[in-house]
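Chemist: These are the residues of each chain, in order.
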Amino acid sequence: MEAIPMIKLEEVYKTAINTLEFLPGKCANCGMCINVCPHEVFRSGQKRVEMVHGEACMECGACQRNCPTGAIRVDSGVGCAAAMISAALRGKKEVSCGPECCD
Amino acid sequence: MYHRVEPGLYSLGDPTPESPVFVTANYTLSFDALRTALKDFDSYILVLDTKGVNVWCAAGKGTFGTEELVSKIESIGLKKIVTHQRLILPQLGAPGVAAHDVRKRTGFSVEYGPVRAEDLPDYIKTHQATEEMRRVRFDLKDRAILVPVEIKNNLLWALPLPIILFIVSGIWMALLVLMIFVAGVVLFPLLLPVLPTKHFASKGIILGSIAGLLIWMVRFWVDNWSFGAVAIGYLLAYVLLISPWVGYISLNFTGASTYTSRTGVRKEIFGFIPVIAVMFICGLVLLALSSVADSMGW
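Same order as they appear, the protein sequences are chains A and B.
Going left to right, the first sequence walks through residues 1 to 103 as the numbering used here numbers them.
Going left to right, the second sequence walks through residues 1001 to 1298 as the numbering used here numbers them.
By construction, these hints were calculated from the structure, which means they are not laboratory data.
Any given hint could be a false lead.
So the derived list for chain B, only partly shown, Cβ under 10 Å to chain A, looks like this [unchecked claim]: (1) 1136; (2) 1200; (3) 1256.
Pairs of lysine-lysine, DSSO-like flavour, derived with a Cα cap of 30 Å [what the hints assert, rightly or not]: (4) B:1267 with A:14; (5) B:1198 with A:93; (6) B:1051 with A:93; (7) A:92 with B:1198; (8) B:1141 with B:1061; (9) A:92 with B:1061; (10) B:1104 with A:26; (11) B:1061 with A:26; (12) A:14 with B:1198; (13) A:93 with B:1152; (14) A:47 with B:1125.
Covered stretches of chain B, going by a simulated chain A footprint (3 or more residues, C-beta under 8 Å) [stated by the list, open to error]: (15) 1055-1068; (16) 1090-1098; (17) 1266-1280.
Don't be surprised by glycine CBs; every beta carbon is placed ideally from N, CA and C.
Generate the whole structure from the sequences, applying the supplied hints.
Modeler: Okay, here's the thing in structure tokens:
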């Protein structure tokens, strides 16, 4: 008899190098994360989406924002050393692009 | 800051109530890319107020976002203008817009099109983006476009410093700084994928070491040096002055790339800034020692 693939509802898939977390137990398989990801981190699967390139995540936050069931968590922000260093030098916590930076 | 389009609804060609609605930022270049790609299509373009910032950066800040989109749909009365309830957004606007929330609040369903406007004519045929259309690239052309921007951002030190150093200490220090500028600002963006190692800073340190070796070889030949302690001292000094500086410039290029994450860059800053500082200080000390030894005729 073939084993039925099971998944714990609270299971969390993580990567070692960034803050991306995928909770397949919550995934409704809508595929929105696949549509919005610029680095093909997710792939469509049978019952739920699969996280296949978690390490390629640049933490833009598009998947989390567009996931209707809250199956993706990521601490999003800009991967820009110039912005982080200038924010640190000016004693600011908020790091982002815009008129203060790159303009 | 001055490249703004007035936010609102624009018609392209001769749209009917069935024509598609494309959403973009009020940054001139974003708007122009979109209308150029759509020149043969009768359609509506909904321009959000992103304060003149492009789609990707505005989405990150949230100005290209759910709130702004919902408020524009309502203030314009889009429901009375088109009979369908579909919006096509650029994929890179997704970090700011929650498609399911927009639908809940306005009835309009959000469809994420391709990353690049130029792919829109193909996209419209099927309303299905290929993997190629979804992927963000960073090829030679993309990187070459950034070089003039990098040059402009670095002129503040790259222009006066060689002149000052030339007056204070002569041609070689001036050339050394120019070498840093060329390697870090011009060559690094172009060579990014072919430089070994993963981190931007270490790639820059490698490139800077080669630059240091090159300028030393030129001086060795021009000044007719003999190979000894002084020459080796200068070699180490040049490498240790140029490579950390190029490494620092390279580290600052992370934000211009299309794939670095905040977590990764934070680790890189904490890991490499101390190394860069120590290398540079060692370089200064070695340069001083070599110059003294040189002037004493060792």
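Chemist: Report the numbers of all earlier hints that the structure fails to satisfy, in ascending order.
Modeler: none
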